Amino acid sequence: MLLEASNLSYRKGKFSLHLERFSVNQGEIVGIGGPNGSGKSTLIRLLTGIAKPESGTIKFNGVDTRSLSRIQIARNISLMSQEIPMPFALSVNDILLTASYSNPGGEKDIGEVLEICGIPGLRYRDFSTLSGGEKRMAMLAATIVQDAGILMMDEPGTFLDPDRENTLFKIISQMKEKGKAIVFVLHDISALHKYSDKVCLMKSGECVAYGPKGEVVNEENLKKVFGLKFSSYDSPEGKRFAYSF
Amino acid sequence: MEILKGETTQKPKLLYSLKWGFMAIALFVAIVYSLFLGQVKIPLSDVLRIMEEQIFPWTNAYSRSGPFWVIVVYIREPEILGALVIGSTLAVGGAVIQSIFRNPITEPYIIGVSSGAALGAVVVLDFGLVIFGAYTLQVFAFIFSVSTVMVVYLSAFRKGRVPLTYLLLTGIAVSLFISSFVAYLIFTNLRLQDLVWMWLLGSLGQITWSELVLAFAVNWFTIFVVALYWKELDSLQLGEEYAYSIGISVEKIKIMLILLVTLSTSICVSISGLIGFVGLIIPHVSRLIYGGSNRVTIPGSMIVGGLFLIACEDIANLAKAQEVIPIGIVTGIIGAPFFLYLLSRMAGESYAT
Amino acid sequence: MEKRLTAIVIALLVVASGLTAFAVYNINNISGSGTHQPPSSATKLIKVTDSAGRTFYFLNPVTRIVSLDPSSTATLYGIGAFKYLVGGNEFDSYPPNESLPNVGNSYSVDYEELVSLQPQVVLGYGATLPSYGAYINNTLGIPFILDNPNSFTQIESETLMLGNLTGCYSNASLVVNWMQQSLSYLGNSTSNISPSEEQTVFYFLDNYGGDWTAGNNTFFQSYFDVAHLKNIAEQDGYYTINPEIIANSSPDIILLDQYVPISAVDTAPFNETNAYYSNQVYTIFNDNFFQQPDFRVVYAVAWLIEETSNPLILHGLPLFPINLPYPPTNGWT
Numbered sequence: 390m391l392l393e394a395s396n397l398s399y400r401k402g403k404f405s406l407h408l409e410r411f412s413v414n415q416g417e418i419v420g421i422g423g424p425n426g427s428g429k430s431t432l433i434r435l436l437t438g439i440a441k442p443e444s445g446t447i448k449f450n451g452v453d454t455r456s457l458s459r460i461q462i463a464r465n466i467s468l469m470s471q472e473i474p475m476p477f478a479l480s481v482n483d484i485l486l487t488a489s490y491s492n493p494g495g496e497k498d499i500g501e502v503l504e505i506c507g508i509p510g511l512r513y514r515d516f517s518t519l520s521g522g523e524k525r526m527a528m529l530a531a532t533i534v535q536d537a538g539i540l541m542m543d544e545p546g547t548f549l550d551p552d553r554e555n556t557l558f559k560i561i562s563q564m565k566e567k568g569k570a571i572v573f574v575l576h577d578i579s580a581l582h583k584y585s586d587k588v589c590l591m592k593s594g595e596c597v598a599y600g601p602k603g604e605v606v607n608e609e610n611l612k613k614v615f616g617l618k619f620s621s622y623d624s625p626e627g628k629r630f631a632y633s634f
Numbered sequence: 002m003e004i005l006k007g008e009t010t011q012k013p014k015l016l017y018s019l020k021w022g023f024m025a026i027a028l029f030v031a032i033v034y035s036l037f038l039g040q041v042k043i044p045l046s047d048v049l050r051i052m053e054e055q056i057f058p059w060t061n062a063y064s065r066s067g068p069f070w071v072i073v074v075y076i077r078e079p080e081i082l083g084a085l086v087i088g089s090t091l092a093v094g095g096a097v098i099q100s101i102f103r104n105p106i107t108e109p110y111i112i113g114v115s116s117g118a119a120l121g122a123v124v125v126l127d128f129g130l131v132i133f134g135a136y137t138l139q140v141f142a143f144i145f146s147v148s149t150v151m152v153v154y155l156s157a158f159r160k161g162r163v164p165l166t167y168l169l170l171t172g173i174a175v176s177l178f179i180s181s182f183v184a185y186l187i188f189t190n191l192r193l194q195d196l197v198w199m200w201l202l203g204s205l206g207q208i209t210w211s212e213l214v215l216a217f218a219v220n221w222f223t224i225f226v227v228a229l230y231w232k233e234l235d236s237l238q239l240g241e242e243y244a245y246s247i248g249i250s251v252e253k254i255k256i257m258l259i260l261l262v263t264l265s266t267s268i269c270v271s272i273s274g275l276i277g278f279v280g281l282i283i284p285h286v287s288r289l290i291y292g293g294s295n296r297v298t299i300p301g302s303m304i305v306g307g308l309f310l311i312a313c314e315d316i317a318n319l320a321k322a323q324e325v326i327p328i329g330i331v332t333g334i335i336g337a338p339f340f341l342y343l344l345s346r347m348a349g350e351s352y353a354t
Numbered sequence: 012m013e014k015r016l017t018a019i020v021i022a023l024l025v026v027a028s029g030l031t032a033f034a035v036y037n038i039n040n041i042s043g044s045g046t047h048q049p050p051s052s053a054t055k056l057i058k059v060t061d062s063a064g065r066t067f068y069f070l071n072p073v074t075r076i077v078s079l080d081p082s083s084t085a086t087l088y089g090i091g092a093f094k095y096l097v098g099g100n101e102f103d104s105y106p107p108n109e110s111l112p113n114v115g116n117s118y119s120v121d122y123e124e125l126v127s128l129q130p131q132v133v134l135g136y137g138a139t140l141p142s143y144g145a146y147i148n149n150t151l152g153i154p155f156i157l158d159n160p161n162s163f164t165q166i167e168s169e170t171l172m173l174g175n176l177t178g179c180y181s182n183a184s185l186v187v188n189w190m191q192q193s194l195s196y197l198g199n200s201t202s203n204i205s206p207s208e209e210q211t212v213f214y215f216l217d218n219y220g221g222d223w224t225a226g227n228n229t230f231f232q233s234y235f236d237v238a239h240l241k242n243i244a245e246q247d248g249y250y251t252i253n254p255e256i257i258a259n260s261s262p263d264i265i266l267l268d269q270y271v272p273i274s275a276v277d278t279a280p281f282n283e284t285n286a287y288y289s290n291q292v293y294t295i296f297n298d299n300f301f302q303q304p305d306f307r308v309v310y311a312v313a314w315l316i317e318e319t320s321n322p323l324i325l326h327g328l329p330l331f332p333i334n335l336p337y338p339p340t341n342g343w344t
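Chains as they are written, first to last, in my numbering: chain A, 390 to 634; chain B, 2 to 354; chain C, 12 to 344.
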């Protein structure tokens, strides 16, 4: 098991999170869904070590994170944040160089990674002059250069046009084939169902359901989590979910 | 920025090397040329023989006495080298602090370096302290400066970490608090006002060789260490969360870098007073010329900062016959329009957001 | 990671060995200016102690002096040693129209100019040795003599010190003698005023950022003491007095600094004072006489008594003993 978290609890102000068990295996795509404020981003912050849990353990490959150094954790898990950084004069190349901090060999792959992400021409461009979508793809490239075992992505599809979104999920499935695990947060239930292997639905800081997507993403669970009536139908692109008031 | 315009995949290596070569030559020329500049005309041959005597003492090329010897060895050389070490340190300090705070309009002075040093200096001048002999003012300015930053840093601690906004605001508040004491001490001692005012403007006029050796040793060592941490600095510029997620021990690196910057800029401030503008603007000039990564911003700021302050020192010495204008005035008058020009000419699309 | 640490350690070693080398080199090469050490073989040394308590020894009277202190320039002129000055400063006012090279002022010195004048000694002022003084003395190797008289007696001893330094000791003695006679004459002329009869006085130094005045332990207090005037400012040194004190004590005399406009007293609290009603508001005739501590303070006191109690006081004042192209009263019209 690449990642195993048990009995996590965390509190900040009125918000509290409690999670009995959360695990990710090699070659697995895990989708996290839930309404705003349900603790999705907090969970990501806890798993990447940015926030410290009050109690509970997180293990990478069976090793407790508390016995791992910062750089060792970065080799196990990377994060593509929802927020786009605002450096004042760094080029895309400079950013990808920082991403190789825990993976010095990654410097050589920068050109190739940019090719995969569809932005080879932007390598020496000033990051701040890029469009929102280009910035996202650059940050995706950074995550790939870091080459951690688990790739965490918080709303990776934001700012992306359909073409780039397609590239994004293609890259995600390539990563999966390479044996990486991917954990992402998505708001779009249909996409969550389409791209994930396992899904975790969260509400009020707790995991309501976690398991294979076929078992978890159904009308009953969605009603429980979102408080809305969802209906599903089949389309050429897979199962779609829509809600009504 | 030429290299960042358009969709280039190739880094133009030649242009890049030329930029470094040109700047290095300009710095060397500035250092040598400044030796011949001053209020007193010294014949070329005398300057050359004095330097020969300094570098090859066994040749007895110069008698090691007389006004020319004193002017070149004890006035001009310390001023030029002082401008070099102080300009480079303040500029690198600015680059580091700007990266850590992710804020292009900060500089080392903002975390309390300047106000602390000012209080130290004014206390010495006001109470006429002489505990450390001729260097009492410098020692006090240094101690007050470093302790002010420590106070700022420690009071910004929240749950094991130092949030940046908190640190910045604490720095400003503590600086204002201390500046009030400085103002009070100046206000209540009329005879001090001229002296303190001159100190606040900054001056390179009284630097001694001992101060220089210490400043070069400590400051350039800190610059060397800081330069090794360019990846960490770039990452911090992308946000603490990002830096954390790629494996950087943010808090440890932050306190180490701030300590190094505080140490080196405090040394500068204690021997030269508050020379403004360099820490704020020079890193941007370097970024506009060489690009934004701290891999090049640190050495770039070092060269540009030294060159800039040497040029300012020459102007301060020569602008008015028989007078020395405080260098802090010159840095602002020359630097700000120059920076605006550079910004409009070279920035292109960068800095647009 | 490991590489970086190695680089830092190596750099640290280089820096440390460099510093050690410099320290060792310096210990072996102590500069031989030796102005604080008496030359061993000399018999008739000139020994001079400045106001910071530092002692200097000279083999012969000095003939090349740079003065960064306007009152030292005036004193040297008064004792006939002006010819030994090779450089002056921005604030020199006596003798008028002097054509010495201007080396700067007390806070901005043109060191290149200073050194090129090849002075044997630099005169400066300040309560403690200022940083530029330490620099001139220690780094440039030119003895820097500090002048900081705080009383009439100290002016007298500074005058004798400068006489000693320049070989004009007999002239300096004459000047000191004249000062003592004049001050005792001025003091006697007002000694009939009993403490209860003393008029109160307020000295208005400046009106920027408050009403600046001079209190205890200033030369103005000494002038008032001789003239038997009672200063309403009772704190030490120069400070901004609270206007309520002025209103409450209502001084009989207001003394305006040369640069304070007379209109400054048309507003509260000054326009309700005895001085304002009785028209006893006087503007100092020349700041330099009052604020530069040298022998000419005698005229400051004389003017004060002439204005406030005895219009005929000047007739009995002893004549200045040395004949100068510009008499010491120059600047008093």
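It is worth saying that the hints were derived from the structure and are not from the lab. Careful: at least some of the hints might be erroneous.
Straight-line C-alpha distance at most 30 Å; calculated DSSO-like pairs for lysine-lysine [to be verified]:
{"#": "1", "chain 1": "C", "residue 1": "Lys241", "chain 2": "B", "residue 2": "Lys253"}
{"#": "2", "chain 1": "A", "residue 1": "Lys448", "chain 2": "A", "residue 2": "Lys602"}
{"#": "3", "chain 1": "A", "residue 1": "Lys565", "chain 2": "B", "residue 2": "Lys232"}
Fair warning: this is a prediction, and the values are worked out from it, not measured in the lab.
Quick rundown of the hints versus the structure:
1. C:Lys241 with B:Lys253: 65 Å, violated
2. A:Lys448 with A:Lys602: Holds - the C-alpha atoms of A:Lys602 and A:Lys448 are around 24 Å apart, at most 30 Å.
3. A:Lys565 with B:Lys232: Judged against 30 Å, a Cα distance of about 29 Å means the pair holds.
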